[in-house]
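Student: Chain by chain, the residues run as shown.
Number of protein chains: 2
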Amino acid sequence: MSPKVRRQGFCGVNPLRPSKHCSGERALVEYPGGLVKAAMQSSERFTPLVVLELVSDTKEEAISWLLHRIRDKQHNGGAELMVEQLGHGEAAEEKQNPNLFLIGTSLQRLLSGAEDLGLFKEFNDGSMRGFTNANKQNFKNFHGDGDGFLSMAECQYIIKHELETLRAKDETHIPGYTQAKLYPGKSIIRRLLSKGIMVQMFPLHETEELKRLSFSWFKKIKLSVQPLDEIRHYFGEGQALYFGFLEYFTFALIPMALIGVPYYLFDWENYDKYVIFAVFNLIWCTIILELWKRFSATLAYRWGTLSRKKAFEEPRPGFHGVLGFNPVTGREEPLYPNVKRQLRVFCVSVPFVLLCLYLSLYVMMIYFQMEGWALSFHDEEPTFWTGILVFIPSIIYAVVIEILNLIYRYAAEFLTEWENHRLESSYQNHLVLKVLVFNFFNCFASLFYIAFVMQDMVLLRQSLATLLITSQILNQFMEAFLPYWLQRRRNKKLIRKVKRQQTLTDKELPLEQQVRLEADMSTYLGTFDDYLELFLLYGYVSLFSCVYPLAAVLVVLNNFTEVYSDAFKMCCVFKRPFSDPAANIGVWQLAFEAMSVIAVVTNCSLIGMSPQVKAYFPESEMQLILWTVAIEHGILALKFILTFLIPDVPKPIQIQLAKLEFESLEALKKKKMLETTELSKVQP
Amino acid sequence: MSPKVRRQGFCGVNPLRPSKHCSGERALVEYPGGLVKAAMQSSERFTPLVVLELVSDTKEEAISWLLHRIRDKQHNGGAELMVEQLGHGEAAEEKQNPNLFLIGTSLQRLLSGAEDLGLFKEFNDGSMRGFTNANKQNFKNFHGDGDGFLSMAECQYIIKHELETLRAKDETHIPGYTQAKLYPGKSIIRRLLSKGIMVQMFPLHETEELKRLSFSWFKKIKLSVQPLDEIRHYFGEGQALYFGFLEYFTFALIPMALIGVPYYLFDWENYDKYVIFAVFNLIWCTIILELWKRFSATLAYRWGTLSRKKAFEEPRPGFHGVLGFNPVTGREEPLYPNVKRQLRVFCVSVPFVLLCLYLSLYVMMIYFQMEGWALSFHDEEPTFWTGILVFIPSIIYAVVIEILNLIYRYAAEFLTEWENHRLESSYQNHLVLKVLVFNFFNCFASLFYIAFVMQDMVLLRQSLATLLITSQILNQFMEAFLPYWLQRRRNKKLIRKVKRQQTLTDKELPLEQQVRLEADMSTYLGTFDDYLELFLLYGYVSLFSCVYPLAAVLVVLNNFTEVYSDAFKMCCVFKRPFSDPAANIGVWQLAFEAMSVIAVVTNCSLIGMSPQVKAYFPESEMQLILWTVAIEHGILALKFILTFLIPDVPKPIQIQLAKLEFESLEALKKKKMLETTELSKVQP
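Going down the list, the protein sequences come from chains A and B.
Take 1 as the starting number for the first sequence in our numbering and just add one per residue.
Take 1 as the starting number for the second sequence in our numbering and just add one per residue.
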């Protein structure tokens, strides 16, 4: 049963397993539609890349129609991919879903897909160029028929794109499901997903390469940097940029942590000494974000996503509306009036967010009351236990904050879904904005209140420490250990089950079991939560760390473990995600920059409030405030000027991009010149 | 002598003079190089568009070489244009320069030039598309052989581009001038200009059309809007955008002026009532700039410059350096190390600017001293004459400011030239920045001092009025009347001279005299000074107008006359400028936005300082300041959020642009699909 299909091969750059099975797959595509058992006999030549899971009671006619459309030639409107049912459609056990399909394709198909997508690859001269089949031989690492030229992540991304752009022709609905309406041009996969007929579509892990990646990434304790290129090779650019940012952020914090330690050790109780630290904070948070943009551009250029043009964005799977004609494409598709969406945003979402902010403010006030009680209790009879009691309100508050954030997150997702955004990017932006505002308020409101209304620096330091430590512990637990523990239990169950059925000689699972195992793994929901966590940490460090110099040290420590736990999570806990060809960290760059502007304001205020500075203006507090405000405005202006002055893309890459642009202009001119000369020869 | 060459025709859309002389000019190009008299015999068919003026003692060999290169076929590296010497090389008088050359070309050459330049024209379906010869018939207004399709300004722009990209082949220097070095790829025209062999290159006016434009623009008093499309048609997009902005700015000021009048009449002495006016200012200055961006995008889309790709930028004519290889183009060209330029900027230019600012501060202090003397004089013996004396320091200061601005302007130009920028755009940015900072400081420093240091609102109002009125009068004089008067004197002299030689039957000058007349006209130096003036006016209105509500009224009146004087200046005083295909007002948008941010700060401060608001915080001035600062930060944040929220391009144009993008992607895909199907047919 289930012949062990080789899962590494022509896509990955796998020097250990030379692949000889890349040509001649075309035969597979010619098989007639339907569930072919015959195909499995030649499965030694088939490299499954992506898994499609349909619900177990999917109607037979829908399945055979879908498989036919996937296998059909491109000029007939098909995707021209190879597809096979896992385990020949016979479920090993009754409870198992038989409708798992493996998808692969020929090398030639992948290369033409890479050209369609406009993937950028390294050229022989070291520059990055859009891949074309016509001059494929001039690309670096293109040997023979192109085996190993594309990474497996790229192959899977291409297949995903081809599947998502598989469009209905003249079908009015999915066969067998009259309620699942189709219209010419509608993406079939998106309709299957939105109607719940398709459970999921995910790329398969590459066990061998994953092992190597894990080893070089987190299985050995080391102080060297992460293997970003390998991460990109396996998980794609979006993931790699996240890990790059995490690492960059950690290293950027090290100077601050180094300054923080002696501060903490020697001047810990000397609050009026924090001015220098605040000034350092000001400079630091302005510069690191600018430098990150340059570093990120360097990475994105090397990975070929910097100058890649985005394809036309399709509507989200969940988007609904009345059928009409898209004014851009002229295609029939659901339309939803923008006015209605704006009404939903401004009349429901905005009031809801404001209500939540009010609620969060209310919770904060309760916290301050509890804090007051605990302190008065401690002041009456100070014992060891009451000393601990003082910290308890902060801990409870930190836990409540995390819970509120979690609940709010679900509400925000629901609301943003309900706002019915046409594009995934617009959906993401609205979601990020909602979540950010609330999280920012929830996490920092109490600190702002303590710092600027109560002006109690001792309490501020204490609250900051408690919030930071509690949220770190909670995060690490919720993010890595909990899913790991759940996953481990599930895995063990499965392995035990498999062992019961057959004796495993080597530790590797047979393909069928491996696919089922991966299908059951949790889905990685993108880098959203990871960035959000970094954003809040950045806030703790940049806004108030001058009163608690150990904050940077704590964040650095947290980030070091975060690298490991995130890496572990990506490799072992979650399904492999599709790669996401990101050129930058997107809306998060903006969020971090907004935070750094707020940091200028808080740090200037903290400096203005420090006894050290106050001593310079003994007679007039008004003078002090005016000076503080003037200097703050000056720093803000300088910050904006710096943002303009420092180019976002380093000079060498600017030159490379300009060169490419220039060459394409010249080529166009030359082509036109040739045409005119030929024309003038014809018409003398 | 000098046969009257017809100067309107195939380029302009001139319905009065049908043109029948557009084909068959090719013959002209075939004439052998050198100064051909024969060519003039068929000059009835030649439409001169651009004039080249070489110095009168240019060596014969340089002229014949240049003419040969201009006439040579494109595949030989020539410009393939037609060129003729004005008046057959025989100067009518001894003092006149014989080396004026008229340049024209065939219709076909212009159309292919338009394609090279990527000019956007209106398509049959109403969208704007890049012009191509292949589907020229599908463009709107393309009839027959394309007569009247391109405006004369476009034709002249194409010729300018073709002349500027006329490059040296294997010449090592300009014949006859061994010191005028050339290297392969160097633009010949730029070298001639930088060595002073070429005096100027300018496009000719189109007398008929200019008359019509003048009439509809400024010769009749009317309240309707300016004919922006016609201005663009005659002068190009850069000019039309300036006049569009001037008009937009004027209309945007009208509500403020309308509110200002009753304020002035009834509440004039009631300084604590200015809060409402300041709040209005705040909202006004934020919104109008955002709306202008949208309006400007609409104009630029309609004129085809919004989505036009910029061609590769050539080095400026004055740029010098050691010969090396440009890393982008790979061509040999002078290189100048960026470090050296930065050193010049930061070690010379920046200190110089700071020194000038200090000097300006010093002058300001002298002004305040004079003001103090005058006031004390007036207070001792108040008569009518001392009442006038009080205004004299302000008037003197305003005049001194204008003079300082003028001197500084020359210094800034010299310094920026000396900084040796490679690109014209970089030169312009550095120049604008230098001039802006100084002008801002010079014009507004005294007002800031009065408002925030002296806190004397009466003096502020008085200074604002004097500065504004004086600078307006000075500007109108310097800008329009002076050049007009000079020009008129020159014109009269010339016409008298011509009359002496021959009796003019009609009022039109013969071509040769007309060309000489235009060659002697002052050169229009671009929109820089016009925008600068608007920028300062915008500053007066947005920063402090709440204390002097008549400011907006004065600026509106000034702008109405400014439209007329600028229009008059463009049409009658200056040489016709080459059109400049601008898509927006460039760096000025940024300057105006920076000013509106400063306006938020000043208006908030003025509100905070008003007795009305102070009354709300009777006991604590500190509270007042903190609230003012908090509200100011809130407004600034809102401003930035608004900038993000309001899309820069209106929705319908966004859709048009997306449609174009989508269509080109689809066309590419279809082409690729066809290639693959053909390929698969060949290789079965």
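Check each hint, because a few of them may be wrong.
All copies of an identical chain are treated as equivalent in the list; a pair is satisfied when it fits inside any one copy or across any two copies.
For lysine to aspartate or glutamate, the following EDC-like pairs were computed, each having C-alpha atoms within a straight-line distance of at most 16 angstroms [claimed, not checked]:
hint, residue 1, residue 2
1, K575, E479
2, K492, D520
3, K670, D648
4, K211, E115
5, K309, E661
6, K310, E333
7, K670, D116
8, K293, D456
9, K169, D580
10, K195, D57
11, K293, E61
If you're looking for bench data, these hints aren't it; they were derived computationally from the structure.
Student: With reference to the structure, classify each hint as holding or not holding.
Tutor: Comparing the hints with the structure gives:
| no. | hint | result |
| --- | --- | --- |
| 1 | K575 / E479 | within (15 angstroms within a copy, 71 angstroms between copies) |
| 2 | K492 / D520 | within (13 angstroms within a copy, 93 angstroms between copies) |
| 3 | K670 / D648 | neither (32 angstroms within a copy, 36 angstroms between copies) |
| 4 | K211 / E115 | neither (30 angstroms within a copy, 55 angstroms between copies) |
| 5 | K309 / E661 | both (13 angstroms within a copy, 11 angstroms between copies) |
| 6 | K310 / E333 | neither (21 angstroms within a copy, 35 angstroms between copies) |
| 7 | K670 / D116 | between (25 angstroms within a copy, 10 angstroms between copies) |
| 8 | K293 / D456 | neither (37 angstroms within a copy, 46 angstroms between copies) |
| 9 | K169 / D580 | neither (28 angstroms within a copy, 48 angstroms between copies) |
| 10 | K195 / D57 | within (14 angstroms within a copy, 84 angstroms between copies) |
| 11 | K293 / E61 | neither (51 angstroms within a copy, 55 angstroms between copies) |
When the structure is compared with the earlier hints, violations turn up for hints 3, 4, 6, 8, 9, 11 and for no others.
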